[in-house]
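Protein sequence lines, in the order shown, are assigned to chains A and B.
When we follow my numbering, the leftmost residue of the first sequence carries the number 1, and every step to the right adds one.
When we follow my numbering, the leftmost residue of the second sequence carries the number 1, and every step to the right adds one.
Worth flagging that the hints you see were computed from the coordinates, not collected in a lab.
Heads up, a few of these hints could be off.
Calculated lysine-lysine pairs in the BS3-like style (CA-CA distance at most 27 Å, straight line) [what the hints assert, rightly or not]:
1. Lys29/A <-> Lys59/A
2. Lys308/A <-> Lys149/B
3. Lys15/A <-> Lys29/A
4. Lys103/B <-> Lys241/A
5. Lys308/A <-> Lys261/A
6. Lys314/A <-> Lys79/B
7. Lys242/B <-> Lys241/A
8. Lys308/A <-> Lys79/B
9. Lys261/A <-> Lys79/B
10. Lys149/B <-> Lys314/A
11. Lys314/A <-> Lys190/B
12. Lys190/B <-> Lys79/B
13. Lys59/A <-> Lys44/A
14. Lys15/A <-> Lys48/A
In case you want the letters, here they are:
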Amino acid sequence: MLDARPMRHFLEFEKPIAELEGKIEELRKMSEADGLNIADEIAKLTEKTDKQLRATYAKLTPWQKTQVARHPERPKAGDYLRGLITDYEPLAGDRAFADDLAVIGGLGRFRGRSVVVLGTEKGNDTESRVKHNFGMAKPEGYRKARRLIELAGRFGIPVLTFVDTSGAFPGIDAEARGQAEAIARSIEACLESPVPVIATIIGEGGSGGAIALAAGDAVLMLEHAIYSVISPEGCAAILWKDAAQAPMAAEALKLTAEDLKRLELIDTIVPEPLGGAHRDCDATIAAVGDAIAAALTPLLALDAAALKAARREKFLDMGRDALT
Amino acid sequence: MSWLTEYVRPKIRTLLGRRDVPENLWVQCPSCQQMMFHAELEKAMKVCSSCGHHMRPSVAERLRWTFDDGAFTRIELPKVPADPLRFRDSQRYTDRLKTARDKNQSDDALAVAHGSIGGQRAVAAVMDFDFMGGSMGAAVGEGIVAAAKLAVLQDAPLVVFTASGGARMQEGAVSLMQMPRTIIATRLVKEAGLPFIVVLTDPTTGGVTASFAMLGDIQIAEPGALIGFAGARVIEQTVREKLPDGFQRAEYLHQHGIVDLVAKRGDLQATLGRIIGLLRVKELAQAA
Numbered sequence: 001m002l003d004a005r006p007m008r009h010f011l012e013f014e015k016p017i018a019e020l021e022g023k024i025e026e027l028r029k030m031s032e033a034d035g036l037n038i039a040d041e042i043a044k045l046t047e048k049t050d051k052q053l054r055a056t057y058a059k060l061t062p063w064q065k066t067q068v069a070r071h072p073e074r075p076k077a078g079d080y081l082r083g084l085i086t087d088y089e090p091l092a093g094d095r096a097f098a099d100d101l102a103v104i105g106g107l108g109r110f111r112g113r114s115v116v117v118l119g120t121e122k123g124n125d126t127e128s129r130v131k132h133n134f135g136m137a138k139p140e141g142y143r144k145a146r147r148l149i150e151l152a153g154r155f156g157i158p159v160l161t162f163v164d165t166s167g168a169f170p171g172i173d174a175e176a177r178g179q180a181e182a183i184a185r186s187i188e189a190c191l192e193s194p195v196p197v198i199a200t201i202i203g204e205g206g207s208g209g210a211i212a213l214a215a216g217d218a219v220l221m222l223e224h225a226i227y228s229v230i231s232p233e234g235c236a237a238i239l240w241k242d243a244a245q246a247p248m249a250a251e252a253l254k255l256t257a258e259d260l261k262r263l264e265l266i267d268t269i270v271p272e273p274l275g276g277a278h279r280d281c282d283a284t285i286a287a288v289g290d291a292i293a294a295a296l297t298p299l300l301a302l303d304a305a306a307l308k309a310a311r312r313e314k315f316l317d318m319g320r321d322a323l324t
Numbered sequence: 001m002s003w004l005t006e007y008v009r010p011k012i013r014t015l016l017g018r019r020d021v022p023e024n025l026w027v028q029c030p031s032c033q034q035m036m037f038h039a040e041l042e043k044a045m046k047v048c049s050s051c052g053h054h055m056r057p058s059v060a061e062r063l064r065w066t067f068d069d070g071a072f073t074r075i076e077l078p079k080v081p082a083d084p085l086r087f088r089d090s091q092r093y094t095d096r097l098k099t100a101r102d103k104n105q106s107d108d109a110l111a112v113a114h115g116s117i118g119g120q121r122a123v124a125a126v127m128d129f130d131f132m133g134g135s136m137g138a139a140v141g142e143g144i145v146a147a148a149k150l151a152v153l154q155d156a157p158l159v160v161f162t163a164s165g166g167a168r169m170q171e172g173a174v175s176l177m178q179m180p181r182t183i184i185a186t187r188l189v190k191e192a193g194l195p196f197i198v199v200l201t202d203p204t205t206g207g208v209t210a211s212f213a214m215l216g217d218i219q220i221a222e223p224g225a226l227i228g229f230a231g232a233r234v235i236e237q238t239v240r241e242k243l244p245d246g247f248q249r250a251e252y253l254h255q256h257g258i259v260d261l262v263a264k265r266g267d268l269q270a271t272l273g274r275i276i277g278l279l280r281v282k283e284l285a286q287a288a
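Produce the entire structure from the sequences given, and follow the hints as far as they go.
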């Protein structure tokens, strides 16, 4: 389960927080061993930690957000499926080549309602990361996504997607099987869907591999998730000729939820618990569930034609009067 | 690129403008290094007479070669907000744009025109690789949407010539959103019962390939054109393998069933005319 995860992974900028939490842990152990009552001391330190967390997380730089978005303990697509979907029936394959485990999905119920769920899955540990190819899908993954989106359309059930990928897999076999075409068709399937499509960027929204599952009626994004046309490292390598300039590139790319909301490219920002989603996975997943429910309700009132027309208009309007 | 094309051409361009290149200028084929007269090369549609290498043409040349008798009408493309991100790397994006605009004497990396191909009305959109690597930002996306609307309005097929390094990084997620936007454009054409034909030219990669460029009713590629999603270097670094010969080239895509045909530049106009004629039986029936 989520809360049974081992030792927390701390990011570089979280060091002061890690030290404080280490101290608290030490005191706890001491009090257990010596029977000393140091509740006051612990309370004081806890308060200090919270303050530090609040201060740090209130002003995360885009590069720090990139690291939070990629945090190994951040809830992954599968965690959302387990937390939000009942009667989950995983479905496999593109009916042509393979079942790509970088894209997970199937049928299930979201708050009692039949849905098709899809997600790019990065995995939670080394073994599962390898199994899911680190969330980097191949053509068969996008073709599976397209198949499930079309299935949802046929039966009039909404589509929920959870996006967390550094991008589509750059490989020889992926190119040979038409990676570009598979992505294009998956985007097209989202756009053409006669049923509501709600996409949530839960971690990393990496370029074409992300939009393949995110051309929806409502695009939600977690507070510290990122969504970009290229990774900060990739952008820095090309424009600054130095991947080490990634922090600058992250800044320039305007890849935070706040930036994207301001540019009107996403619809809703879902706030994360203090200190990021990885500090309270259950609360994060519940908040995402509430946001999805809120987005879904008005969409259910629209018929297929109205839904499709509104979705088209939304995308066609994007960037036309972008704020600066 | 040889020193000739690198060094001599820009100089001549600024002196005389693009179309008045002296006839005695030699050009070297970047593939086989054969020297050719400029005038001879122009006549051969910039295809090397020695090795058949298809060199990158200008937008104006492409439009001339595509429409009957080289006659067409260009349309003005909608203006879009420049620099939505206020992007800056070593240079401001606005400065890069200005440089590209001055150099290419065009607003952005796309031109749209209408005319006839094989006696049939047609709209063509041509990407300009010379303009910031043909990268797709809001202007290109909006241009593709405009081209699609023009095709619908004129009840004419849309032919898109792609040449692009992919999305325009300097427009961040705004450029990413051009993928769904241009895909909507292809739907407009298809829903009107009109052919959407893509001609993939060298090079077509990234977000352009993964959107409208792969959704043609008919997919044509020019010989030798580099076409793919991920860049060769990124793939090599990821899989740590040597890439196969001819990887991501037009012929490789043809072998892998990703494009319908590889058409030599000299045959392209006739091929387009034939395909349009074959697809548009409804129109002919109505006209009869």
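Against the structure, the hints:
no. : hint                  : verdict
1   : Lys29/A <-> Lys59/A   : 33 Å, violated
2   : Lys308/A <-> Lys149/B : 18 Å, holds
3   : Lys15/A <-> Lys29/A   : 21 Å, holds
4   : Lys103/B <-> Lys241/A : 23 Å, holds
5   : Lys308/A <-> Lys261/A : 22 Å, holds
6   : Lys314/A <-> Lys79/B  : 19 Å, holds
7   : Lys242/B <-> Lys241/A : 24 Å, holds
8   : Lys308/A <-> Lys79/B  : 26 Å, holds
9   : Lys261/A <-> Lys79/B  : 23 Å, holds
10  : Lys149/B <-> Lys314/A : 17 Å, holds
11  : Lys314/A <-> Lys190/B : 20 Å, holds
12  : Lys190/B <-> Lys79/B  : 25 Å, holds
13  : Lys59/A <-> Lys44/A   : 23 Å, holds
14  : Lys15/A <-> Lys48/A   : 14 Å, holds
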